[in-house]
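Chains as they are written, first to last, in our numbering: chain G, 4 to 358; chain L, 4 to 358; chain F, 4 to 358; chain C, 4 to 358.
Wrong hints could be hidden among the right ones.
Pairs involving identical chains hold if they fit within one copy or between any two copies, as the list cannot separate such chains.
Unchecked claim - Subject to a maximum C-alpha distance of 27 Å in a straight line, what follows is the list of computed DSSO-like cross-link-like pairs (lysine-lysine):
| id | residue 1 | residue 2 |
| --- | --- | --- |
| 1 | Lys94 | Lys239 |
| 2 | Lys137 | Lys49 |
| 3 | Lys62 | Lys94 |
| 4 | Lys239 | Lys262 |
| 5 | Lys127 | Lys277 |
| 6 | Lys262 | Lys277 |
| 7 | Lys137 | Lys94 |
| 8 | Lys62 | Lys281 |
| 9 | Lys127 | Lys281 |
| 10 | Lys151 | Lys49 |
| 11 | Lys151 | Lys62 |
| 12 | Lys104 | Lys281 |
| 13 | Lys152 | Lys62 |
| 14 | Lys151 | Lys239 |
| 15 | Lys41 | Lys281 |
| 16 | Lys152 | Lys239 |
| 17 | Lys239 | Lys62 |
| 18 | Lys49 | Lys262 |
| 19 | Lys151 | Lys262 |
Rather than coming from a laboratory, the hints here were simulated on the basis of the structure. As the structure is a computational prediction, the values presented were derived from the model and not from experiment.
Number of protein chains: 4
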Amino acid sequence: MQGTKNEGSIRVAVIGASGYTGAELLRILWEHPFFEVKIVTAMRYKGELVGNLYPSLGKYYPTEYSPYELDLVEEEADVVFLGVPHGEGMKYLPELASAGKKVVDLSADFRFADEQVYEGIYGKQHTATEYLGKIPYGLAELNRERIKKSSLVANPGCYATAALIGLFPAFESGIAGGAVMVDAKSGISGAGRELTLNTHFPQAADNFSAYAVARHRHQPEIECELGLLLGIPNPKVVMVPHLSPMNRGILCTTYVPLKEYPLTRGEIAELYEKAYGKENFIVLLGEGRYPETKSVQGTNDCHLAVEVSEDGEMLIVITAIDNLVKGAAGQAVQNMNLFCGLPEQTGLERPGLFR
Amino acid sequence: MQGTKNEGSIRVAVIGASGYTGAELLRILWEHPFFEVKIVTAMRYKGELVGNLYPSLGKYYPTEYSPYELDLVEEEADVVFLGVPHGEGMKYLPELASAGKKVVDLSADFRFADEQVYEGIYGKQHTATEYLGKIPYGLAELNRERIKKSSLVANPGCYATAALIGLFPAFESGIAGGAVMVDAKSGISGAGRELTLNTHFPQAADNFSAYAVARHRHQPEIECELGLLLGIPNPKVVMVPHLSPMNRGILCTTYVPLKEYPLTRGEIAELYEKAYGKENFIVLLGEGRYPETKSVQGTNDCHLAVEVSEDGEMLIVITAIDNLVKGAAGQAVQNMNLFCGLPEQTGLERPGLFR
Amino acid sequence: MQGTKNEGSIRVAVIGASGYTGAELLRILWEHPFFEVKIVTAMRYKGELVGNLYPSLGKYYPTEYSPYELDLVEEEADVVFLGVPHGEGMKYLPELASAGKKVVDLSADFRFADEQVYEGIYGKQHTATEYLGKIPYGLAELNRERIKKSSLVANPGCYATAALIGLFPAFESGIAGGAVMVDAKSGISGAGRELTLNTHFPQAADNFSAYAVARHRHQPEIECELGLLLGIPNPKVVMVPHLSPMNRGILCTTYVPLKEYPLTRGEIAELYEKAYGKENFIVLLGEGRYPETKSVQGTNDCHLAVEVSEDGEMLIVITAIDNLVKGAAGQAVQNMNLFCGLPEQTGLERPGLFR
Amino acid sequence: MQGTKNEGSIRVAVIGASGYTGAELLRILWEHPFFEVKIVTAMRYKGELVGNLYPSLGKYYPTEYSPYELDLVEEEADVVFLGVPHGEGMKYLPELASAGKKVVDLSADFRFADEQVYEGIYGKQHTATEYLGKIPYGLAELNRERIKKSSLVANPGCYATAALIGLFPAFESGIAGGAVMVDAKSGISGAGRELTLNTHFPQAADNFSAYAVARHRHQPEIECELGLLLGIPNPKVVMVPHLSPMNRGILCTTYVPLKEYPLTRGEIAELYEKAYGKENFIVLLGEGRYPETKSVQGTNDCHLAVEVSEDGEMLIVITAIDNLVKGAAGQAVQNMNLFCGLPEQTGLERPGLFR
């Protein structure tokens, strides 16, 4: 589709490519030196040109959306990205796994080990329970070794990504104590391409609102992973998501009561430096500098700053990501790179569009 | 200036009318049935037409900014709004008070009872210390009786207004325990009319950022008033302000650990209903509805919702105001109404501009 | 609904009050000293609180949308605003007219004298042809005397309002020659409350696009009125509408080839001064100042500037209005004021929300 | 700076790299397979980290801005981009040219052949008149052969780029007759990084305005190039620029009276297909599809649509570019590719950031 790249390039299928996450996968994969998109499916838009939905992609993908056909994927693709809605990842993943494909599932279907938890949150019966608990959670910075050994991964939720990156060193080092507050702000693209009143321009523009207060699906996802990845018993997270009048970006302000205090900003910064200093996609900001979503727009980076309250009792961690990249498509490619034995950052390193 | 209104109308001077707060005062006062603007000053713009700075005001104020002259104010105005920068309220207020004028000071100069606290925060020596502690804090919903008896008032900061309205019933009723987190988001007009890189369109648009993390000047203002108005000893507030890419509006998400728990949303809603049910400018939202800044745009209203975490241990209060109205000019007029024995809402009741 | 206003106030029905135009009528009418809203209908939302759709209106209209019932309107309303879609004005107007009501129809149904023209443009058969050509076009600045004598009016389209105000003096004075270009830019609220991909925030924000190039319905409306109001034979207008990423506002840049040239800006400004100098809602900007939509936001004003090309052969007229006010609801109230013998500006004079 | 790229890579100096154009050059050059940035200068910010001004670039350019030193450039760079203000290109270009460097000047200093024209427009005396008329105008699609043979180029203005691409085939084919109207809309980044009231967020956001009506500097630039490139005698262009509340993008709607008419859209589309069908960076949109700025965001592409008025007498051409890419930095790299014998699109081919 994009012309032959390097010899021996890895053939890719993007299943569910008409939504914003799917379109972002196409954008990112086009620049990848080894992945070559061969199959682009979208049930609702089969026969429609990709460029009609996304004029910016038309020049690079002069092709039509096709319907999903297992045979075709088996034959023409080595690896698969599932950009499908929640509840559909579990339909596709088993048969693709059986066919020996490496699969990154961007739906929520395999993020929870416990089917009842999943069903409680997503209101759907899980139909591929044999995979639950066996597919690693795809946040490479926290779970790299397990991902590397797998060929299937549950790509994290966008808010969960931003929150967990912020919280991880505080919990891992044991300085966190008590319930954690995650105050999360997202650009409107996070709500997807479906038309809703909340994402109608005259409602959303020049407006800031809270929603799903302390009841968002990513709240238990964060709690669950603090438990699974770090062995924290009964972690408590109170998350309030908000819509901010911008296209892309998540900024998470997390408030972490310290177990022993006071601590200084310097002491905490050191812990974070230790945890993330060598991470390629995490940029630790120095004292007095705080993240902004624009600085990570279009990139797989997470900008992170730590601060403490004046009394040294409360840690504040602020993270900024692009919800469609590190929070979805970019992280998916990062995971697939790990599956394929490629350097993790392959195809993901370039400056973002600041202004 | 605006033609004679009702007979016996009250003559108003707006000192410092070229900034956004001053312009908003002019907008609101034009509609007031009893206040009649007689003097409009702005040092930097003297001789310039109001309509050159604010084309929307040109038709209604076909006049020039004049320099401040005490004599003129003494003679031609009954009441005075000080829309001046921090550090200048203390220059004007004493002489205006001596001249018997009623004064609403929108600067921060008289918000603190203790000159050292003021000087620590604002970095300026206080030159009117004899007034400190004697001028009521102008948040009518929390301090109405003292305001009514006064003729001078310190108009609250915008973030402090939104946070204190949210926190008050929780502290007054005694359910609040421990440090409170105030996660505040403001539209860019909150930064004023001064040109800065942070408020330059290509930096601020489509961007969301944190600043002054746990170090903003309104944080001690909130703590101070929780102490002064409610007698809370050593209240602790951790506030993180953010810039959201919109013109107007503040949304505060406050996290209040409960002293005794669990409490239900219903129990808490009742406390808030008791505190605010009769307040004209506070709109309590029902279950499942949350504030958005657009709904209060251009109005003196505060929309408020309460929610609890699933375990019933953490209260979340969300408030939305227009930073230039309830957070500044509207609240100033509300206070002046109280001084003048007018119904508090006079000139302040009208639907906002939703879209 | 809004409490009794002045004695002898005029009772109003707003038919079709759930769209943006209807909501704007409610906002404006609440402030009107003589109109009192008694009936608020919306088929789709009957039984739903107005405040659920428009939280900013909830405090002022604590009522539910009701279905339309002629009997009720006959009994409880003196005047009627039709905020209904194109094709529905012709259903309601005849029976309301027969019942002796004054009616402002905000749909396009009675803007054309010729049913075939209407049907060609709107693709609907006209079912009230007996009224065609008998209902004045409701642009008071151009057609005041006819409106005053009527009790029915066809409220103009938003683009047509901005364009015609700009073009009128040039055609009336005879300086215009040849085809006129109307380059029009609108905020997204102009597309209404219906959800579409073009008005989905992630598509519309930070984006600027052209649509319906030289084929928009308001193009023949402008041509038609240049003919009807001014007797211009076969006026030619080429209009290109655009969507600008903002809520409200229309800015029209019109290019008018001059018949005899060169003319100076001063000469042309004089013609416009003569035409509009006494108009309450038209603000003529001086040399070197150009309109911006924000200055008229929330108001019934039209800001207007004229300029000529350096060779003096091409006139450029720029007009800015709020599409929901002067382009719809405000102009509707202006017309109803004329019907009711009230000063035209009653209830419509107040500074807009600049920032 | 960015690590060694391919062997034999071409060493680049970016002079004046702190403005938006300079930053965009850094962004684009980082991805270029053969250009390697060696020198990054900015007088005002010498010693400051690039990442402090542009956090998105910090990871890729962990370096400080340096002052300009000819010696250093001579020694360490093969080619030079001048991202300097108007009036400074003429200071740097001569000595760099003498030193044998290939230079793309992004200032306006060498866009005009006639020093008096330049001085009339830019109000500065030209100090390198010996180069005037000898440096090709860098719009490759219209002037490729001359650029290829040169090693110096005057990079076009952003509006001029969008307008000339739209106008060229109409003039070249001889169908254009009479004065042309260019109605241009630009994102705010076009005004640069300098702080001004017009680009202050609370003024610019949610606002649309006209400026420099029929007097913008790019108007004579367009006229001049229609003459130079096509030999049109005395071409007349009336241009009205506007500010649209978005970061990036220019959309030009040009109105071209046809010399002989009527023509159909199909006939005109054929002419444009002939002119641009093989151009890599020009995307011709099919019938009924019109450009939007978002589709070209971050890319060097120009989307173009043609339409005719219903009477077939007026051609409308609509073009959309990213003002910072095709309108500045991207086009500059395209020109440098031509100088260096590289395929024109090297380093410039990738899908833009749509949402």
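Here is how each hint holds up against the structure:
1. Lys94 / Lys239: neither (32 Å within a copy, 50 Å between copies)
2. Lys137 / Lys49: neither (33 Å within a copy, 51 Å between copies)
3. Lys62 / Lys94: Classified as neither: same-chain Cα gap 32 Å, cross-chain 40 Å, threshold 27 Å.
4. Lys239 / Lys262: both (14 Å within a copy, 17 Å between copies)
5. Lys127 / Lys277: neither (41 Å within a copy, 41 Å between copies)
6. Lys262 / Lys277: Only inside one copy: Lys262 and Lys277 sit 19 Å apart there, 36 Å across copies, limit 27 Å.
7. Lys137 / Lys94: within (16 Å within a copy, 63 Å between copies)
8. Lys62 / Lys281: Cα proximity of Lys62 and Lys281: across copies only (13 Å, versus 37 Å in one copy).
9. Lys127 / Lys281: Answer is neither; intra-copy 40 Å and inter-copy 44 Å both fail.
10. Lys151 / Lys49: neither (34 Å within a copy, 44 Å between copies)
11. Lys151 / Lys62: between (34 Å within a copy, 26 Å between copies)
12. Lys104 / Lys281: Close neither inside one copy (31 Å) nor across copies (39 Å); limit 27 Å.
13. Lys152 / Lys62: Classified as neither; 37 Å inside a copy, 29 Å across copies.
14. Lys151 / Lys239: Neither: 29 Å inside a chain and 45 Å across chains, both beyond 27 Å.
15. Lys41 / Lys281: between (34 Å within a copy, 25 Å between copies)
16. Lys152 / Lys239: Result: close neither inside a copy nor across copies, 30 Å intra and 47 Å inter.
17. Lys239 / Lys62: Answer is neither; intra-copy 48 Å and inter-copy 34 Å both fail.
18. Lys49 / Lys262: neither (55 Å within a copy, 44 Å between copies)
19. Lys151 / Lys262: Cα proximity of Lys151 and Lys262: none, with 33 Å in one copy and 46 Å across.
Consistency with the previously given hints fails for numbers 1, 2, 3, 5, 9, 10, 12, 13, 14, 16, 17, 18, 19, ordered from lowest to highest.
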